[in-house]
Structures are given as C-alpha cells and as structure tokens.
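A.B. asks: With the hints as constraints, model all of the structure from the sequences given.
Those sequence lines, one after another, are chains Z and V. What the first sequence shows, in our numbering, is residues 492 to 926, in sequence order. What the second sequence shows, in our numbering, is residues 608 to 838, in sequence order.
Everything labelled a hint here was simulated from the structure, so no lab data went into it. Treat the hints with care, as some may be off.
When the alpha-carbon atoms are kept at most 25 Å apart in a straight line, the in silico PhoX-like pairs for lysine-lysine are as follows [stated by the list, open to error]:
(1) Z/Lys848 <-> Z/Lys819
(2) Z/Lys625 <-> V/Lys665
(3) Z/Lys819 <-> Z/Lys864
(4) Z/Lys618 <-> V/Lys665
(5) Z/Lys528 <-> Z/Lys618
(6) Z/Lys749 <-> Z/Lys795
(7) Z/Lys746 <-> V/Lys665
(8) Z/Lys907 <-> Z/Lys848
(9) Z/Lys864 <-> Z/Lys567
(10) Z/Lys746 <-> Z/Lys668
(11) V/Lys665 <-> Z/Lys668
(12) Z/Lys748 <-> Z/Lys684
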Amino acid sequence: MKRVRIAMWITLAGLFAALAPTGARADEPCQSPYVQKITGEEEFVYVWTLGVEGMGDGSDKLVTVDVRRKSPTYGKVIHSVSVGGRHEAHHGGFTDDRRYFWTGGLDTSKIFIFDVATDPAKPRLHKTIDDFVKASGGVVGPHTFYALPGRMLIAALSNDRDHGGRTGMVEYSNDGKYLTTHWMPTATTNGAKVEKVADGYGYDVRVLPRKNVMLTSSFTGWSNYMMDFGQMLKDPEAMKRFGQTVVVWDFHARKPKKVLHVPGSPLEIRFATQPNHNYAFVTTALTSKIWLVYEDDKGEWQAKPVADIGDPAKVPLPVAITFSVDDKTLWVDSFMDGTVRTYDVTDPHKPREIYSKRIGSQVNMVSQSWDGKRLYFTSSVLARWDKKGADNEQFFKAYTWDGKALEERFALDFTKLGLGRAHIMRFGSASLYTK
Amino acid sequence: MRIATRAALALLVAGLLAPAASAHGPRGSSNSTGADLGYPRFDYQPPAPGTYALPAVKAAADGQVVDATSTRRRLHDLMGDRIVVLSFISTRCSDAQGCPLATAVLHQLRAAAASDPALARRLRLVTLSFDLAHDTPTVLARFVPPARNGRASPWTAVVPTSEGELSSILAAYGQPVGPRVVEAPPTHLLRVYLIDRQREIRNVYGLDFLDPRLLLNDVRTLILEEQGRRP
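C.D. replies: This is the structure we're talking about:
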C-alpha cells in the first residue's frame with residue numbers, strides 16, 4: 492500500500508513539473524490547455540479500441556503500446572483492459588490532473604473512466620457511468636472529453652428522441668457527478684446570431700481561454716453513425732442529416748454567440764497555440780476542405796474555406812487533424828484514400844500542401860508529439876464505416892518526421908493481435924515523472 | 608527573500624489592476640493583463656454577473672485548521688455565512704504562475720470588497736496553506752494584510768492542524784499537492800475554489816481561468832442568485 496502511494500506521488504511530481512513554462516513536452520498539442528502537461532518524450536500510447544465479434548474477447552478495450560525507445564518491449568502491446576461488451580468505443584480525454592482517462596461509447600452512451608496514474612503502463616478501469624442519457628436529459632453519444640478545472644466537458648453527437656444529430660454538451664465533476672447540460676443552439680433557442688442555419692448538431696469542442704471563446708463543430712446522429720456506410724451513402728435522406736455549423740460560444744457563460752455556416756460536416760477543431768494567433772482550423776468530411784475559423788480585424792469571428800484536401804470530387808473523407816505548436820504545420824488524415832497530407836499553414840489564410848503519404852488502406856486518427864518529431868496513426872472510424880474485406884486494415888503505426896518525410900518506426904496489426912479496431916490515442920508516461 | 612517575493616507580488620497586482628483590454632481588439636494587438644509578467648493574458652469582456660449559471664460541483668469539505676492567532680477552528684466555521692474564495696498555497700512558493708498569482712488575485716478581491724460594502728458583507732477570503740513544515744501561525748500572521756479602519760479583515764489564512772487533516776482536506780477538494788518536505792514548498796497545481804453559503808463548490812479556477820474580473824463576477828453572480836435573480 493505504501494509503495495503504491497509513493498508511486499502515485501512520484502507520478503504526480505512529474506505532473507507538477509509541467510508547471511514550468513519552458514522545456515520540451517511529451518504531450519501532443521491541441522488538447523485541453525487545462526490538462527497538465529508531462530515533460531520529455533512519451534512512453535506509452537493508450538489506444539481506445541473497438542471490440543470485434545469473434546476477435547479476442549470481442550470487447551472494447553484500452554490498449555497500452557510501449558513507445559520507450561530503449562525498452563525491451565518497445566513497439567509492443569504491453570497491456571489491455573477490457574470493459575466488457577461493444578459500445579462503439581470512440582474518443583476520450585484526460586482529467587485536468589491527468590490521473591484519469593475518460594472514454595466514451597457512441598452506441599451505448601456509457602462512459603468508462605480509467606485510472607492511469609497508479610500504474611501508467613497498466614491503466615485499470617476505475618468507474619463506469621451508465622446513466623449518461625438519463626442524467627443529461629436525453630443526450631446520446633458522448634464524443635469529445637475536454638478537461639476543465641475539476642470537471643469534464645463532454646461534447647456529444649445525438650439524442651434519444653429521434654437519434655438524429657441534435658445534441659448537447661454535458662458537464663460532469665471529476666468525481667463523476669452529473670452537473671449540467673448545454674443543448675446546441677437551434678433556430679429557436681439560445682439566442683445566438685445565426686449566419687444561415689442553426690442545426691443543433693455537435694461533435695468536437697475546443698477553448699481559447701485568453702479570448703473566452705469556445706468553438707463546437709457538427710457531425711451526425713446515432714441513426715447515421717450506427718448505419719452501414721455504404722447503405723448510408725445510398726440514402727439521400729440520411730445524407731441530409733449531417734452538420735453544417737461551427738458555433739462560437741461565450742465559454743465562461745456557456746452561451747452560444749454566433750452560428751457559423753460551415754457546410755459538409757466540420758469535425759475536429761484545433762486552435763493555434765502561439766500568442767495573438769486567434770484562429771483555429773477545422774476540416775469538413777463531406778466537402779474535403781480546410782476551413783479557417785478566425786477573429787477578424789473587427790473582433791468578429793468568421794469562417795472561410797482556405798484549401799481543398801486532395802480531390803474533393805473523389806470524397807477522400809478527411810477525418811482527424813493535428814496542428815503543430817509552432818502553428819506552421821497542419822496534418823490531415825483522410826479515411827478513404829488512407830493518406831495523411833501535410834500543409835504549411837504559416838499563412839493560415841493560404842495553406843499549402845507540402846507532403847503526403849499513404850499510411851494504409853484506411854486511416855483515421857493522427858497524434859503528434861509536442862516537438863512534432865513523432866506521429867502516430869490508427870485505422871478505425873466507426874465499426875460500420877470501416878472498409879470491408881482486405882481493405883479493413885486495423886493498425887497502430889508509429890513514425891518519425893524530420894521535416895521532409897515520414898519514416899515508419901513500427902506497426903502493430905490490431906487484427907492479428909486479436910485486439911479490434913484501433914481508434915483514439917493519448918500519451919502516457921511513468922519514468923519521466925521521477926525527474 | 609521576502610522583499611523579492613513582495614516585489615514580485617506587487618508587480619503581479621499591478622498587472623492585474625492594469626486596464627482591461629478591449630474585448631474585441633484587432634488581431635495581433637498587444638493586450639494588458641500581465642502578459643509581460645508571464646501571467647496569462649485575458650483579452651475579453653467577462654460576461655455580466657447574473658447572466659450565467661454556476662452549477663454546484665460538489666460539497667466543500669470541512670477540516671480542522673489553525674489560524675494566524677494559533678486558534679484552532681473548523682474550516683466550515685471559518686466560512687460562516689459567507690461566499691468564500693478559498694486558495695491553497697505555500698507562502699514560500701515563488702512561482703510567478705503559482706501561489707503569488709493566486710494571492711495577487713485575492714488582493715484584487717479584497718480591494719474590490721473594500722470599496723463595496725455589500726460585497727464586503729458577503730465575501731470571505733481564505734488562504735489555506737498546505738506547507739505545514741513552513742507555514743506556522745507566526746508566518747501566516749505576516750502573510751495576511753491587516754484589517755483596515757478597525758473593520759474585521761475579510762481574509763483569513765489557516766493551516767491544517769496535522770498532516771492527516773491536510774491530506775483529507777486536499778483529497779476532498781481535489782487539490783493535488785506533492786510530497787511535503789522541509790527543504791522546499793510542496794509541488795502543486797494552482798487551484799482556487801468559489802464556495803457558496805450552502806458550502807457547495809460553484810467554480811474551480813486553474814491558471815488559465817484565474818482572471819480576477821471573472822472571479823469577481825462569479826461572486827456577484829452568487830449574490831444575485833441569493834437575491835432570487837437567475838439567468
């Protein structure tokens with residue numbers, strides 16, 4: 492018991508070291524600024540993984556990949572903790588003190604909270620919240636987990652009335668107590684200025700604290716994300732049910748101020764990091780464009796398309812993005828062609844593609860280290876949207892980036908390993924905490 | 608050392624008291640609140656008091672503490688019937704983005720209360736030290752500003768009566784603090800708590816949140832709520 496407590500404080504000591512304003516950081520950029528950063532190079536990558544029937548135990552699970560260069564288990568899966576059943580494992584995020592990793596299931600709306608502090612190499616399931624829909628007043632599909640001091644802000648995708656895209660954001664205390672629900676603005680609610688339409692849809696959430704600005708994006712509801720992808724593409728009514736808005740909020744008041752028109756389902760939002768850079772990027776899944784959401788010279792927040800991603804006519808389906816901390820490089824994964832594209836966004840109004848590489852037959856998430864030298868990729872979008880047959884590669888791949896090209900460090904076949912569909916990644920560390 | 612710390616505190620307070628920037632300044636404009644001091648810059652107009660809700664996060668825990676006069680007290684008794692801003696610190700912490708910053712914000716609140724009797728009647732500031740090895744009642748007596756004009760000070764500094772008491776208080780509030788040693792202030796995360804009269808935590812502030820204007824508006828939001836005004 493005493494040993495466990497000592498280990499815990501060693502861990503926390505590392506977290507507190509992050510208060511230093513300078514120094515290399517292991518963490519990927521673009522996460523909640525309220526989450527404590529860890530210094531040095533990441534040691535573990537946690538992969539929230541969808542279970543596949545007949546594969547291993549068939550359950551959703553949190554997988555730990557060892558990325559310590561000198562470790563005898565470097566490049567291997569060193570731990571896996573199943574939650575029992577398949578819940579459409581999707582995204583997750585750390586609490587502000589980085590002791591717990593909250594993850595969500597889009598189908599069952601269950602939330603699984605893992606303790607990653609006691610033994611960072613071996614997270615354990617700490618708590619399950621199984622009344623999210625009821626507690627929140629009908630919100631379905633917990634998606635983005637965004638840490639705030641002492642609490643977790645969860646952006647969701649759907650609702651329990653029609654399983655469409657109207658949804659809300661839900662706040663919990665770090666202890667797992669439901670606090671409140673903020674429904675996304677529609678034409679008749681919440682009093683926001685509306686550019687064209689207020690669809691009430693949701694997906695991602697990010698905050699720029701010094702401007703008290705929160706941005707949210709919009710995807711689609713349960714009826715679509717749980718539908719077979721091919722079937723959905725043939726269903727004109729289903730294809731109408733995609734988000735077309737980015738909402739600018741007064742963050743502290745949690746009140747929508749302006750609903751920007753961003754057609755084509757804007758997904759991940761990534762703010763610039765540098766001071767005085769009052770802008771964010773978001774990519775649209777259906778129209779394959781990079782959009783800039785920015786504060787103009789009059790202090791008004793605007794959105795405009797600034798670049799195409801590949802050939803939009805071929806619908807490459809851009810999914811995940813990551814934005815370097817020097818605000819110069821934007822990485823964009825597109826699912827259908829399994830390709831990552833790199834953009835020089837030194838001028839955010841004129842992104843310029845400088846590199847591309849095919850990662851696999853399909854690719855979804857991308858995470859980069861704070862120094863931008865290491866990138867990680869996973870393969871799965873959604874259980875019913877992933878490709879079929881041989882194209883359904885399920886992997887975790889690690890690369891280095893020297894500013895010119897990606898070089899593969901190692902790859903893990905999640906199918907051969909009997910794990911499932913690899914989705915969101917987050918970084919962990921242990922030995923660095925002792926410095 | 609104390610002089611240096613006080614000088615740094617004075618700079619911080621000066622930064623906090625600087626005129627707020629326009630909420631909608633031009634892109635790339637230079638802004639005010641403490642940017643040159645390593646203090647987070649806040650470039651917005653805070654929402655007006657009473658226009659937003661502050662849902663209760665959890666109950667504010669009690670605990671046994673001792674104040675600057677060496678009197679043993681219960682934390683809840685200290686809170687009394689007031690809205691409380693509770694700051695966890697070590698008085699020997701000199702990190703400009705840590706305890707001195709939290710203390711500077713409390714100075715700001717104290718100044719606001721000094722010119723607003725209605726606020727002064729309702730507000731209590733509590734600094735709770737987690738540095739048992741250093742922050743004795745004698746040290747705390749030097750830390751808290753004296754009362755003005757014969758009126759009771761709204762600001763009290765306390766330290767838990769034992770390591771066990773401290774651990775329970777920290778755990779209950781969710782205030783992470785590292786190992787306590789004699790040689791140096793414990794490592795910690797900056798946290799300040801807003802507590803209502805029912806002793807419910809209504810907001811938690813970290814470095815990026817600790818805008819004194821925002822905190823003051825949150826206090827006033829609770830006062831308006833007590834008066835029956837809700838958003």
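A.B. asks: Against each hint, give a clear statement of whether it holds in the structure.
C.D. replies: Hints and how they fare:
1. Z/Lys848 <-> Z/Lys819: holds (19 Å)
2. Z/Lys625 <-> V/Lys665: Answer holds: lysine 625 of chain Z to lysine 665 of chain V is near 20 Å, not above 25 Å.
3. Z/Lys819 <-> Z/Lys864: holds (14 Å)
4. Z/Lys618 <-> V/Lys665: holds (18 Å)
5. Z/Lys528 <-> Z/Lys618: holds (24 Å)
6. Z/Lys749 <-> Z/Lys795: holds (14 Å)
7. Z/Lys746 <-> V/Lys665: holds (23 Å)
8. Z/Lys907 <-> Z/Lys848: Within the cut-off at roughly 24 Å; holds.
9. Z/Lys864 <-> Z/Lys567: holds (20 Å)
10. Z/Lys746 <-> Z/Lys668: The hint holds at about 22 Å.
11. V/Lys665 <-> Z/Lys668: Holds: lysine 665 of chain V and lysine 668 of chain Z sit about 8 Å apart, inside 25 Å.
12. Z/Lys748 <-> Z/Lys684: holds (6 Å)
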